[in-house]
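J.: Sequence:
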Amino acid sequence: MCQHGPDSLGKPEGYLKRPIEGWLKRYERSIVEGNDTVQEIIPWLLANIPSHSEHSIVHNDFKLNNMMFAKDNPEKAVGVFDWELCTVGDPLSDFAGTLAYWTERGDAETGLISLAEKEGFYSRRDAAEAYAKKTGRNIDNIHYYVCFAFFKIAVTLQQIYYRWHKGEISDARFSRLGIGISNLLNQAVRAKNKEII
1 MCQHGPDSLG KPEGYLKRPI EGWLKRYERS IVEGNDTVQE IIPWLLANIP
51 SHSEHSIVHN DFKLNNMMFA KDNPEKAVGV FDWELCTVGD PLSDFAGTLA
101 YWTERGDAET GLISLAEKEG FYSRRDAAEA YAKKTGRNID NIHYYVCFAF
151 FKIAVTLQQI YYRWHKGEIS DARFSRLGIG ISNLLNQAVR AKNKEII
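Residue 107 in the numbering used here sits at position 107 of the sequence shown, with consecutive numbering throughout.
For the record, the hints were derived by calculation from the structure and aren't laboratory data.
The structure presented is a predicted model; accordingly, all values stated were derived computationally and were not measured.
Positions of the beta carbon are idealized from the N, C-alpha and C atoms, including for glycine.
Hints may be right or wrong, so weigh each one.
Claimed, not checked - Capping the alpha-carbon separation at 30 Å, the derived lysine-lysine pairs in DSSO-like fashion look like this: (1) 194 x 63; (2) 63 x 118; (3) 25 x 166; (4) 133 x 63; (5) 17 x 118; (6) 134 x 76; (7) 63 x 17; (8) 134 x 118; (9) 76 x 63; (10) 194 x 25; (11) 17 x 194; (12) 134 x 71; (13) 133 x 76; (14) 63 x 134; (15) 76 x 118; (16) 134 x 194; (17) 17 x 133; (18) 118 x 133; (19) 71 x 118; (20) 134 x 17; (21) 194 x 133.
Said to hold, decoys possible - With beta-carbon atoms standing in for the labels, derived distance ranges: (22) 170 x 57: 34 to 44 Å; (23) 172 x 48: 31 to 41 Å; (24) 172 x 133: 42 to 52 Å.
All chains, full assembly: derive it from the sequences and hints.
T.: Right, dumping it as structure tokens:
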């Protein structure tokens, strides 16, 4: 629990620019297999950073498997776990992360486990519309945030794949991560092109 107030958690000015540059460096340091898709994503992310004035506490890993729901009402969240990455920043980045983990039927293999593809869950588009209605936030630029969220997940998997490729870790399951990384980067391009939301 933060004892000094939310202002001590981070600097909201430049919130998106700093992590974008940081994730690009992580990508460059962990390349195993070249991917031309990245050349479409990176310049676009850098050239189109939204100017956003709203700031809130941002979880930075906000997804269904970091949440607890009421036993008698699965629509009601009663807890959110794993706050070690939290900061103050743009709330749309948190929601976009949720949408990037929000797998839909027909999505290509990414290596991610998601419940959202099961019957009864919103589509990503329906979830975005419900979020906008509930929060009153403008989500016209949500495709930017979702593109970046897919890119971040791809880089996270790529860092694991890089370590596996170098023999630093030996789990055979990681041998297939290249497929998931490629498909996540393709999802990032689809988000950029407003095909996801």
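J.: Decide, hint by hint, whether the structure agrees.
T.: These are the hints, each one checked on the structure:
no. : hint                  : in the structure
1   : 194 x 63              : holds (21 Å)
2   : 63 x 118              : holds (15 Å)
3   : 25 x 166              : holds (19 Å)
4   : 133 x 63              : holds (19 Å)
5   : 17 x 118              : violated (35 Å)
6   : 134 x 76              : holds (14 Å)
7   : 63 x 17               : holds (23 Å)
8   : 134 x 118             : holds (23 Å)
9   : 76 x 63               : holds (14 Å)
10  : 194 x 25              : holds (25 Å)
11  : 17 x 194              : holds (21 Å)
12  : 134 x 71              : holds (23 Å)
13  : 133 x 76              : holds (17 Å)
14  : 63 x 134              : holds (18 Å)
15  : 76 x 118              : holds (18 Å)
16  : 134 x 194             : holds (22 Å)
17  : 17 x 133              : holds (27 Å)
18  : 118 x 133             : holds (23 Å)
19  : 71 x 118              : holds (18 Å)
20  : 134 x 17              : holds (27 Å)
21  : 194 x 133             : holds (20 Å)
22  : 170 x 57: 34 to 44 Å  : holds (38 Å)
23  : 172 x 48: 31 to 41 Å  : holds (39 Å)
24  : 172 x 133: 42 to 52 Å : holds (45 Å)
Comparing the model with each numbered hint stated earlier shows that hint 5 is the single one that does not hold.
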